[in-house]
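To convert, note that position 323 of the sequence shown is 323 in our numbering; the numbers rise steadily by one, no gaps.
Hint data in this document are derived by calculation from the structure and do not stem from the laboratory.
None of the values given here were measured: they were computed from a predicted structure.
There's no promise every hint is true.
To be verified - Only pairs whose alpha carbons sit at most 25 Å apart, straight line, appear in this in silico SDA-like list of lysine to any residue: (1) K190 <-> Y450; (2) K79 <-> V430; (3) K410 <-> S455; (4) K124 <-> D248.
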Amino acid sequence: MLLVKKNINLLFTVIVLVGFTIILNSCSNDNEEVIDIIEEEIIEVFDDTDFEAIDWTSDTHTKEADPNIEKIFEDNTVKRLDIVVTENRWQSMLDDMTDLYGTFGVGGGPGGSGGPGGGVDIDKNPIFVPAEVFYNGIEWYRVGVRFKGNSSLRTSWQSGILKLSLKLDFDEFEDKYPQIDNQRFYGFKKLSLKNNYDDISMLREKVAMDVFRNAGLVASHTAFYSVYVDHGDGPEYFGLYTMVEEVDDTVLDTQFSDDDGNLYKPDGDAASFAVGTFDEDEYVKKNNEDEADFSDVENLLSILHDGSRITDASAWRENLEAVFDTDVFLKYLAVNTVIQNWDTYGRMTHNYYLYNNPDTGKLTWIPWDNNEALQNGKMGGSLKLDFSDVSALQWPLIGYLYQDQVYKEKYDTYVQEVIDGPFNSSKMQVLYSSYSALVASYANSEIAGYTFLRSSTDFQTGINQVNTHVTERASAVSNYLN
């Protein structure tokens with residue numbers, strides 16, 4: 001078990017005065033009382049700025065290089081990534097997690113008994129620290145590294161599992177280290193390393209994204225990586241991860257002709273698009289933050305709930321399609337419902353992006369976070385193919401569109417296309433066989449405290465489950481369409 005402790009000899013920190021307020025009070029006897037209010041904060045002194053980036057090349061490290069998707073996101077291999085962080089910086093990451101979520105290995109929190117973060121998502125990201133990243137013998141310098149996730153991060157931490165998802169930002173600390181100005185990793189500024197939380201097959205994140213992409217939808221590239229972290233005692237195997245391309249980085253740049261449109265990652269009640277839920281704070285902007293323009297999502301909400309939906313369906317569809325790419329959404333909805341992914345719109349108010357494509361002026365749906373896909377799921381389970389378990393008032397993007405006969409027919413057509421094409425049973429069985437053979441040794445070599453596997457048979461059980469699932473979904477689609 002990891003012992004999370006305070007290191008009182010943090011050589012890289014100092015106590016500094018970050019601000020003070022002088023309050024002058026004039027008294028009746030003309031005496032002035034001066035009160036100094038001093039705030040103290042522990043900050044890091046970056047005293048490791050004297051280095052030379054000797055591995056730096058234009059193709060591997062610079063902003064000028066195009067994202068090398070073929071190299072970083074290969075399907076037929078498991079690549080190794082090493083992260084090296086100083087002992088003190090690692091300890092600061094753990095201390096920050098303790099502040100956010102309580103003692104490592106102990107559950108609880110607000111309403112419970114374990115300290116911060118138990119049972120609720122924290123509206124604050126863990127801290128970034130500089131670390132070195134090594135790949136194929138090449139070094140990337142002072143890369144920003146932090147833990148990432150919401151409920152999966154909290155649950156993993158409180159369960160005593162240190163296989164936590166990670167976010168890499170290759171120029172996060174460029175202001176502190178001029179040598180890494182606009183540093184990139186083969187053209188990528190940011191990348192996510194997903195820990196395959198609650199997935200004993202370790203395939204769900206990758207396979208779900210494969211299916212979305214094979215259906216012709218915009219979606220992140222993914223690949224399998226074995227991750228090692230050296231935080232002072234040499235490299236430790238943290239397990240098999242899924243590398244995921246960030247939407248607000250290269251997905252927009254490579255899958256749209258223009259990346260200047262508003263990108264939202266909705267989270268909260270407003271993400272449901274239910275009537276009366278509009279809230280700018282919950283339509284979280286991932287770009288154009290300084291422009292207080294939310295008119296595109298506000299227009300979508302207004303048109304979606306316009307009375308013409310009942311009185312003049314044709315006019316309603318025309319107005320809706322002027323601001324929202326309904327074809328993309330209906331195809332996404334067909335894929336997501338066929339493969340079964342409950343942890344997103346329809347059950348949860350998160351885990352998708354909306355991008356205002358400048359080429360069309362329409363908000364376009366982009367899927368995200370699929371480790372819970374390819375199973376019936378929790379929280380009431382994945383949605384039925386006919387959405388008979390969906391409240392149209394609560395989830396109007398599904399309910400209202402499915403109630404419209406024109407959109408329902410399009411959805412049904414896409415459902416058939418999905419089961420015939422990207423989620424065809426025979427093709428998926430072959431894919432599962434290939435991927436499971438590829439990652440089996442990496443999955444089965446994970447160690448206690450760095451794995452979600454509970455026994456030596458768990459991984460194969462997970463593979464059996466996804467194989468059974470795809471067969472069951474073919475039957476479910478057949479029953480629905482017929």
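Okay, the hints, checked on the actual structure:
no.: 1; hint: K190 <-> Y450; result: holds (24 Å)
no.: 2; hint: K79 <-> V430; result: holds (22 Å)
no.: 3; hint: K410 <-> S455; result: violated (44 Å)
no.: 4; hint: K124 <-> D248; result: holds (19 Å)
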